[in-house]
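*Asks:* Protein chains in written order, with this note's numbering: chain F, 16 to 88; chain V, 142 to 489; chain A, 158 to 492.
Treat the hints with caution; some may be incorrect.
[Stated by the list, open to error] Computed Cβ-Cβ distance ranges for the label pairs, DEER-style:
id	chain 1	residue 1	chain 2	residue 2	range
1	A	P408	F	R30	39 to 47 Å
2	V	L175	A	A397	48 to 56 Å
3	V	P462	A	P182	24 to 32 Å
4	F	E32	V	P462	35 to 43 Å
Because the hints were derived from the structure by calculation, they are not lab data. Idealized CB from N, CA, C, for every residue including glycine.
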Amino acid sequence: MDMCLGVPAKVLEIRGEKALVDFGGVTREAFITLLDDVKIGDYVMIHTGYAIEKLKPEEAEEILKMLEEVNKS
Amino acid sequence: MYEGVMATELQDVVELAHGAGGVAMGKLIKEVILPLIDRRKVDGGIGLDELDDGATIPLSDGNLVVSTDGHTVDPIFFPGGDIGRLAIAGTVNDVLMMGADPIAVACSMIVEEGFPISDLKRVIQSISDTCNEAEVALIAGDTKVMPKGRLDKIVLATTGIGIVKGKVISDSGIQVGDKIILTGTVGDHGIALLAAREGISFETRLESDVAPLNETIKAALSVGGITAMKDPTRGGLAAALNEWAKKKGVGIWIREEDIPIREEVVAASEMLGIDPLEVTCEGKAIIAVRPEKAEEVLKKVRATKYGRKASIIGEVREERPRYVIMETVVGGKRIIEEPYGEPIPRVC
Amino acid sequence: MFAGQPLAPRHEQTISRFGLRSLLPEEVEVIAGPGCPVCVTPTVALDRAVELALRGVIVTAFGDLMMVPATRMSLLEAKARGGDVRVVYSVSDAVEVARRNPDREVVFVSVGFETTAPTTASELLRGVPENFSVMCYHRLIPPAMELLLGIGDIHIDGFICPGHVAAIIGVKAFRIFAEAYKMPTTIAGFEPNDVLLAILMLLRQLRDGEAMCENEYSRVVREEGNLKAQQFIDEVYDIATADWRGIGRIPQSGLTLKKEFEDFDAEKRYEFTSMKHVDINPGCNCHLVMIGKIYPPECRLFGKVCTPQKPYGPCMVSSEGTCRIYYKYGERPKL
Numbered sequence: 016m017d018m019c020l021g022v023p024a025k026v027l028e029i030r031g032e033k034a035l036v037d038f039g040g041v042t043r044e045a046f047i048t049l050l051d052d053v054k055i056g057d058y059v060m061i062h063t064g065y066a067i068e069k070l071k072p073e074e075a076e077e078i079l080k081m082l083e084e085v086n087k088s
Numbered sequence: 142m143y144e145g146v147m148a149t150e151l152q153d154v155v156e157l158a159h160g161a162g163g164v165a166m167g168k169l170i171k172e173v174i175l176p177l178i179d180r181r182k183v184d185g186g187i188g189l190d191e192l193d194d195g196a197t198i199p200l201s202d203g204n205l206v207v208s209t210d211g212h213t214v215d216p217i218f219f220p221g222g223d224i225g226r227l228a229i230a231g232t233v234n235d236v237l238m239m240g241a242d243p244i245a246v247a248c249s250m251i252v253e254e255g256f257p258i259s260d261l262k263r264v265i266q267s268i269s270d271t272c273n274e275a276e277v278a279l280i281a282g283d284t285k286v287m288p289k290g291r292l293d294k295i296v297l298a299t300t301g302i303g304i305v306k307g308k309v310i311s312d313s314g315i316q317v318g319d320k321i322i323l324t325g326t327v328g329d330h331g332i333a334l335l336a337a338r339e340g341i342s343f344e345t346r347l348e349s350d351v352a353p354l355n356e357t358i359k360a361a362l363s364v365g366g367i368t369a370m371k372d373p374t375r376g377g378l379a380a381a382l383n384e385w386a387k388k389k390g391v392g393i394w395i396r397e398e399d400i401p402i403r404e405e406v407v408a409a410s411e412m413l414g415i416d417p418l419e420v421t422c423e424g425k426a427i428i429a430v431r432p433e434k435a436e437e438v439l440k441k442v443r444a445t446k447y448g449r450k451a452s453i454i455g456e457v458r459e460e461r462p463r464y465v466i467m468e469t470v471v472g473g474k475r476i477i478e479e480p481y482g483e484p485i486p487r488v489c
Numbered sequence: 158m159f160a161g162q163p164l165a166p167r168h169e170q171t172i173s174r175f176g177l178r179s180l181l182p183e184e185v186e187v188i189a190g191p192g193c194p195v196c197v198t199p200t201v202a203l204d205r206a207v208e209l210a211l212r213g214v215i216v217t218a219f220g221d222l223m224m225v226p227a228t229r230m231s232l233l234e235a236k237a238r239g240g241d242v243r244v245v246y247s248v249s250d251a252v253e254v255a256r257r258n259p260d261r262e263v264v265f266v267s268v269g270f271e272t273t274a275p276t277t278a279s280e281l282l283r284g285v286p287e288n289f290s291v292m293c294y295h296r297l298i299p300p301a302m303e304l305l306l307g308i309g310d311i312h313i314d315g316f317i318c319p320g321h322v323a324a325i326i327g328v329k330a331f332r333i334f335a336e337a338y339k340m341p342t343t344i345a346g347f348e349p350n351d352v353l354l355a356i357l358m359l360l361r362q363l364r365d366g367e368a369m370c371e372n373e374y375s376r377v378v379r380e381e382g383n384l385k386a387q388q389f390i391d392e393v394y395d396i397a398t399a400d401w402r403g404i405g406r407i408p409q410s411g412l413t414l415k416k417e418f419e420d421f422d423a424e425k426r427y428e429f430t431s432m433k434h435v436d437i438n439p440g441c442n443c444h445l446v447m448i449g450k451i452y453p454p455e456c457r458l459f460g461k462v463c464t465p466q467k468p469y470g471p472c473m474v475s476s477e478g479t480c481r482i483y484y485k486y487g488e489r490p491k492l
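Assemble the whole structure, with the sequences as input and the hints as a guide.
*Replies:* Following this line, the structure appears as structure tokens:
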């Protein structure tokens with residue numbers, strides 16, 4: 016079963032109100048005006064060219080654990 | 142009809158969708174164009190009705206294959222190619238799909254007043270380089286110029302000619318049990334162009350894969366057992382597979398996991414909300430082959446320059462005639478619809 | 158029999174793209190809800206955008222709106238008749254078109270829910286060129302959900318709420334449906350695992366007779382949501398009663414531009430010929446389909462007058478609309 020939990024965009028560069036983000040082989044500028052203190056290396060969820068939230072990797076682990084348990088049961 | 146609802150009935154103008162290789166184009170051809178043409182084939186040959194990649198003219202020993210194509214692309218120079226390479230490769234590939242050896246092409250050029258001669262030279266040089274690569278001669282041509290603003294830079298129309306000594310390979314040859322080989326990754330060309338288009342700009346290392354497939358097709362034919370071939374272009378893999386399924390009334394079952402697709406095409410399609418199976422392809426072919434020959438054809442195709450990433454993506458079955466069904470990466474099944482027009486980027 | 162209602166088209170897209178319905182047991186049904194901004198945008202917005210395009214204004218909009226039937230013609234049909242209609246991926250791209258064409262008027266048809274509303278707000282706050290204006294037709298999800306529940310006798314046993322709307326307004330905005338309406342509720346992401354897990358969460362709640370608001374998309378959605386985005390919305394828009402195509406008027410369910418941004422409101426900047434805007438074509442039952450009251454085949458026009466090639470109602474246009482899914486798969490796909 017494919018355990019992928021989405022490919023959010025990774026912040027490569029900060030350019031003022033924008034950031035260069037990588038969607039996995041495709042890069043594009045996205046606005047970060049809707050977020051505070053976006054740093055290089057952060058994962059952000061992009062919607063219509065805007066970063067709308069930062070991804071919390073530790074939460075992703077929890078969901079993956081839940082899926083493991085589902086697959087086992 | 143319902144009062145006040147004439148909008149959807151205003152079908153009396155040509156729309157972009159009518160040229161996009163999908164349902165809309167099919168309707169325009171079947172309902173508007175074909176009914177007006179009386180003489181649609183040379184007796185004994187494949188003609189307009191079959192709507193195949195090319196037509197045939199029976200000769201004393203073998204068949205002459207003829208294919209014609211129009212080429213408009215924006216921008217005309219793009220990563221991995223240009224309108225010149227696109228025109229020659231496209232026409233040569235259509236001739237190859239009929240199992241023919243391409244021998245010559247003719248090319249008519251319509252150019253906008255004010256188009257730089259230096260750009261014209263680049264296009265002509267590219268036409269010549271691609272002819273050399275495909276080992277075909279450019280034997281006839283024409284040039285017209287339209288007033289500035291009345292044409293977008295340049296339009297090419299090409300005709301390809303080839304000879305088939307043995308059996309002509311046409312869409313009608315496909316049979317239940319055939320395996321379907323895709324000679325390479327889908328969507329590269331379409332996404333590479335979208336990257337350059339205004340309003341949806343994103344950067345990618347992706348290049349167009351436009352190329353003549355002489356070597357790849359020759360390798361496949363050398364093994365034998367090939368029943369049908371088609372080069373997906375506008376409308377992508379979805380349009381090409383649906384054409385086979387609907388023409389022969391067979392079910393085509395494919396597996397998403399086996400479809401070769403580049404990471405950049407997946408990422409860009411996800412970002413733009415479009416289905417990579419509908420994105421324009423170039424320099425690719427789908428080959429239907431008898432099951433016992435499939436592995437050998439695959440090996441031979443993978444040994445060619447443009448066939449490195451070839452893969453068996455599915456097979457032809459009796460179940461669900463006229464449908465294309467895909468088993469998705471998570472095991473679910475989904476009907477692959479024939480695209481209506483050009484895939485339009487969506488956000489929700 | 159469990160009928161879950163995903164309220165975001167991206168959920169429906171995931172469900173249809175990965176063929177999840179064919180994986181679900183017979184008793185589990187997933188009905189696309191009124192969450193697709195394309196389907197619910199009233200035709201007055203499209204008719205006015207078409208009129209502007211045909212008058213030489215550059216009209217920019219998301220691709221989703223292009224084929225939606227309006228009273229006279231869709232934006233795509235207006236484009237075929239000489240209208241300057243351009244697809245954009247983001248409102249910032251539309252502003253860019255305005256900057257690059259200073260001698261032309263440029264309008265952006267701004268639709269969508271709490272996820273896209275702050276992006277237009279951000280552009281207006283950052284400052285836009287004089288020749289740029291917005292047709293503001295943003296809608297809010299929770300009021301529509303409350304209306305759904307108020308209708309009664311709908312076959313919905315649980316909600317799958319849109320992850321990206323929740324990313325903006327937070328889990329807190331959806332708690333009311335579990336607590337006050339006793340409706341099992343989950344907030345889900347858009348990967349196949351997210352949707353399958355959300356359905357599992359709802360089934361477990363039903364099995365245990367509970368009604369909770371569970372956050373499956375915890376890697377993105379917080380309890381409070383994105384406070385900065387919410388602040389942008391409060392600064393630029395007022396909340397007002399709004400029309401939803403196919404559903405009707407819902408109190409406090411739409412966003413309109415505040416007075417200070419009046420100069421950038423296209424509907425105040427331009428005059429429009431008055432005409433009868435046909436939201437629901439006679440005989441169309443999309444509004445009943447959208448709230449799960451009837452299934453597409455129960456609509457007289459389904460598959461005859463109304464097909465994907467000639468969509469008659471909004472539910473047939475978007476590839477996530479329930480009617481389009483039923484037309485494509487012919488009822489539930491027995492694949």
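*Asks:* The structure should be examined with respect to each hint, and the outcome stated for every one.
*Replies:* Verification of the hints:
1. P408/A - R30/F: 39 to 47 Å: For R30/F against P408/A, whose Cβ atoms are near 42 Å apart, the range 39 to 47 Å holds.
2. L175/V - A397/A: 48 to 56 Å: At roughly 53 Å between Cβ atoms, A397/A and L175/V fall inside 48 to 56 Å, so the hint holds.
3. P462/V - P182/A: 24 to 32 Å: Holds, since P462/V and P182/A (Cβ atoms, about 28 Å apart) stay within the stated range.
4. E32/F - P462/V: 35 to 43 Å: Because 55 Å falls outside the window, the suggested range is violated.
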